[in-house]
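*Asks:* Just need the whole structure built from these sequences, with the hints factored in.
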Amino acid sequence: MIKLYDTLRRKKEPLEPLMGEEVSLYVCGITPYSKAHLGHALHALIFDMLRRHLEWSGLKVRHIQNFTDIDDKIIDRANELNIPASELATTNTTDYLQSLRLLNILPATEYPRATSEMPNIIQVIEGLIEKNYAYPSNGDVYYHVRNKQDYGKLSGHDINDLRSGARIPQGETKKDPLDFALWKKAKPGEPYWESPWGEGRPGWHIECSAMAIGALGNRIDIHGGGADLIFPHHENEIAQSEGFTGESPFSRFWIHNALLQLGNDKMSKSSGNLISIDEVLQNTTADGLRLFVASSHYRSPLNYTPEALEAASTGAERLRAAAILQEVSPSGEPLSVNDERMKFRTALNDDLNTPRAIAVLFDLARSINRAHDNKKPFKEAQNLLCELANVLGFTLADPKTIKQELGPFQVLLKEYDENKGRKENLEDILWALLEIRKDLRQEKKWAAADRIRDRLSDLGIELQDSSSGTTWKIQ
RNA sequence: GGCGCCGUGGCCAAGUGGUAAGGCAGAGGUUUGCAAAACCUUUAUCACCGGUUCGAAUCCGGUCGGCGCCUCCA
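Going by this note's numbering, the first residue of the first sequence is number 3, and it counts up by one from there.
Since the hints were derived computationally from the structure, they do not count as laboratory data.
From a predicted model like this one, the values you see are computed outputs, not experimental measurements.
Below, a list of computed lysine-lysine pairs in the BS3-like style, where the Cα atoms sit at most 27 Å apart:
1. LYS13 x LYS155
2. LYS475 x LYS446
3. LYS14 x LYS155
4. LYS345 x LYS62
5. LYS377 x LYS345
6. LYS133 x LYS176
7. LYS5 x LYS345
8. LYS75 x LYS189
9. LYS189 x LYS176
10. LYS475 x LYS447
11. LYS150 x LYS177
12. LYS177 x LYS155
13. LYS150 x LYS176
14. LYS62 x LYS5
15. LYS150 x LYS133
16. LYS14 x LYS345
17. LYS377 x LYS440
18. LYS345 x LYS381
19. LYS475 x LYS440
20. LYS75 x LYS37
21. LYS13 x LYS345
22. LYS345 x LYS378
23. LYS155 x LYS176
24. LYS14 x LYS62
25. LYS381 x LYS475
26. LYS133 x LYS155
27. LYS189 x LYS177
28. LYS150 x LYS13
29. LYS75 x LYS176
30. LYS133 x LYS177
31. LYS155 x LYS5
32. LYS13 x LYS62
33. LYS475 x LYS377
34. LYS177 x LYS75
Derived DEER-like restraints, expressed as beta-carbon distance ranges:
35. ARG320 x ALA449: 30 to 38 Å
36. PRO308 x GLN100: 21 to 29 Å
37. THR348 x ALA188: 47 to 55 Å
38. ASN305 x ASP152: 30 to 38 Å
C-beta atoms are modelled at their ideal positions from N, C-alpha and C, and glycine is treated no differently.
*Replies:* If you want it as structure tokens, here you go:
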């Protein structure tokens with residue numbers, strides 16, 4: 003039985019999907035006003051692992067991830083860059099989706115965008131006005147927080163404790179400082195959509211209610227996002243959605259991942275404390291980054307340091323090595339793997355405890371290596387390692403096929419191809435070199451053999467000799 | 001001021017009542033022409049104080065220290 007921690011109920015509860023074998027999962031995506039950073043990757047990786055585990059458990063997951071592609075930040079940034087807001091949003095959305103691919107993250111079932119959902123958004127706002135949860139005011143529409151008596155239940159705020167110090171920006175006419183905008187009247191020069199209240203655009207929060215209800219219905223199983231969204235975003239989303247549908251709870255589970263820390267500060271747009279996904283992938287692989295993320299529980303803040311990432315990269319390589327080991331004339335009792343699958347499942351069932359699940363992976367790797375040393379059959383264990391690693395989304399792929407643009411050798415390869423127009427792959431030449439080196443070693447001409455290894459090492463290619471031959475990898 | 005989280009070996013990180021998973025790093029050893037990899041061995045009483053209990057890292061109270069949210073943010 004899968005248990006997940008629900009932010010609203012403040013405890014782990016069993017997941018019992020509303021629709022039998024089908025789970026609806028709505029994950030708050032990004033506001034694409036800047037390039038995707040490592041915090042986005044962390045978030046996406048965590049929900050990818052959750053989704054993969056749900057699917058491995060036999061559930062069919064309907065996974066919706068939205069893009070809030072119109073909002074103040076986008077407009078401001080687009081103005082700075084002197085490009086249309088839509089162009090900025092599209093560029094960053096594309097960039098983000100590309101990053102997800104590089105990280106081996108499964109695509110969502112749908113990626114709705116706020117700008118494509120205006121009729122739904124307007125319909126929800128109209129419904130809220132009808133039910134007296136919202137009121138129009140000078141071309142804006144506000145949600146009247148004090149009309150929703152359980153407002154604050156998600157974030158644990160009492161409405162009277164909330165700092166009503168929140169100033170009312172000029173031009174806004176709210177009944178109460180805590181009220182938030184559902185619809186914002188367009189200022190001159192801003193992008194706008196037609197609405198019953200005039201030209202304007204949706205406020206932040208309403209798009210998620212509209213998209214979640216539109217794609218998944220009035221009630222959903224799991225709603226996810228970063229912990230920074232608990233208040234006000236998800237609090238407001240609950241107020242809107244439950245106010246509109248009259249049904250509760252809007253989501254059975256509210257899952258929030260802790261935020262990535264950089265040094266002693268959280269990684270955030272406001273502090274400019276950012277590392278881009280591209281930057282990180284210069285120094286590790288998709289698996290390395292994934293292991294880094296999975297090595298800590300998703301509700302614990304993860305502190306980014308280059309050393310920690312390096313450690314995870316080394317660990318990922320260890321898993322890969324065990325996964326691709328070849329049996330060499332094995333005999334005797336095969337390595338038995340009775341408990342591992344269950345241990346792994348138990349760990350993930352317990353609120354997605356990836357650190358414990360990963361420990362199972364490393365235990366398997368050690369057993370496989372040991373069996374290899376003892377010349378015992380280990381194929382079955384290896385298949386299990388691959389299966390379980392895949393549940394967490396590890397590719398176990400060879401870095402040399404991944405780092406095509408990075409290794410000096412691959413650069414050489416590219417230049418060679420371009421300059422000579424030859425089709426031969428330099429990799430073939432490497433294998434020829436290795437063949438010669440093999441002969442040298444057989445003739446015990448160690449100096450020459452080592453020279454080849456050293457020279458290749460200078461080029462960023464590490465050779466590893468073993469009883470079954472020589473392998474190489476790009477460092 | 002309000003809401004909430006955290007403090008486990010050199011670093012990272014599980015474990016929420018029965019005497020501490022796993023990873024990285026280090027040390028010693030085995031194997032290997034050497035190197036690398038791998039394997040074996042090895043490093044903790046869980047911030048501090050007090051309490052509850054037969055028994056606590058794990059529950060309660062307090063102290064110190066760090067952090068998040070309350071304002072845009074995954």
